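Enquirer: Here are the chains, one letter per residue:
Number of protein chains: 2
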Amino acid sequence: MSRLEEKTIHRRTIFEGRVIRVELDEVGLPNGKTSTRELVRHSGAVSVLAVTGEGKIVLVRQYRKPLEKEILELPAGKLEPGEDPADCALRELEEETGYRAAELTHLVSFYTSPGFADELLHLYEAQGVSEGTFRPDEDEFVERVELTLEEAFDRMKSGEICDAKTVTALYILQGREQSIG
Amino acid sequence: MSRLEEKTIHRRTIFEGRVIRVELDEVGLPNGKTSTRELVRHSGAVSVLAVTGEGKIVLVRQYRKPLEKEILELPAGKLEPGEDPADCALRELEEETGYRAAELTHLVSFYTSPGFADELLHLYEAQGVSEGTFRPDEDEFVERVELTLEEAFDRMKSGEICDAKTVTALYILQGREQSIG
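In the order they appear, the protein sequences are chains A and B. Under the numbering used here, think of the first position of the first sequence as 432, with each following residue one higher. Under the numbering used here, think of the first position of the second sequence as 432, with each following residue one higher.
No lab work stands behind these hints, which were simulated from the structure alone. None of the values given here were measured: they were computed from a predicted structure. Where hints are given, some of them may not hold.
As the list claims (entries may be wrong) - Examples of chain A residues toward chain B, derived with CB under 10 Å: (1) L435; (2) L455; (3) F565; (4) K596.
Ideal placement from N, C-alpha and C gives every residue a C-beta, glycine not left out.
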C-alpha cells in the first residue's frame, strides 16, 4: 500500500446526472484521521486538433453554461462508456465542424482536474483533413471558426480561447513550429 | 444577446460541499427547446512552475482520491473566495514544497473543464526560487520530487504526470527551450 493512500471508509452517491455523478467519500488519511472527499465522476472526453490545408486551426464557438459565455475551443465531446476514444474524436470532429480526418495521432491524455474529478481527456491530432458533413447534435449549437496559430494566440491573450485542452494544443503546436523554424 | 446563449429557466442546488457546489439548471436553448445542464461550481485554483537553481522542475507526489492513485503534479491549491491568485500561489508553493519564490510571472489561465465546471486555474512561473519552510496542511500528504524537463517528459509518457496544468506547463517550458536551442 502506498504511504500517501486515502482509504475509502464509506461512499455516498449524491447525484446521478447525464454528464456527471457526484460522490462523497469518507476517507482514512495516512495519519489515521478521517476526512471527506468530494468526487465528480465523468466518463472521459476527447478533443481534436485539426489544421486545414490552408494552415488554419479548426475551432468551434460554443456557449458554455458553467461560464455563462461563449468561448472558442477545439472540437470535443464526451466519451460514451466503453467507446473507443479515437472513434469518438473522429465523429465529434465531423459533427461539430464538418471536417473529416483520414487518420488521428494521439498527442496526450490528461486529467482535467484531479483534485475533485476523474475526467480524462484524450487529445488527438487529425491527419488528412477534408470537408465532410456538418451535423451537430440536436441540443448542440456550435459555429466553426478557423484561425492561424498567431491569431489563436491572440484569442488566448484576449481570453476567448481559455480552456485546458485548447491551450495545451496551441502550446504543443507552437513548440513544434519553433523547433522546425 | 448571443445567438448561442442558453438562458437559465430554473436553477436547483444539488450539493454544497467544501470544494464544490453542484447545481442543476433547466435552460432554454437557441432553438426554443429546453434542456438541463449539470454545473460544478469551484472557487478556482492556482499552480506554480518552479525551476530550481540546478534546473530541476519542482513537483509534488500526491494521492488523488478521484483517480485512486498517486500522481506527480506541479504544486497547486484551491483559491479562497476573494483571495489574490498570486498570493495563493506563493503560499501553496512554500507549503507543499518548502521552496520560496522572489517573484511570480503569470503564464496562462484556463478553465479546466468548461463543459460542466467553472473552475479557472491560474498558472504561474516562479522567479528567484530559494529554500523556505516545508509545512503542508494537516490533511495534506505530499512528497517533493525534482525532475529535469527530459525526466518530466518521460514521466508524462509513463502516465505518472497526467494532469492538465502540469502537462501544459511542461509543453510551455519545452517550447521555450526549443526556441532558444
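Enquirer: All hints, please: hold or fail.
Expert: Each hint tested on the structure:
1. Below 10 Å, beta-carbon pairs count as interface contacts, and L435 (chain A) has one with chain B at about 4 Å; its hint therefore holds.
2. Below 10 Å, beta-carbon pairs count as interface contacts, and L455 (chain A) has one with chain B at about 7 Å; its hint therefore holds.
3. The restraint placing F565 (chain A) at the interface with chain B is violated, with a minimum CB-CB distance near 15 Å, outside the 10 Å limit.
4. Given the 10 Å rule on beta carbons, the hint for K596 (chain A) holds: about 8 Å separates it from the nearest Cβ of chain B.
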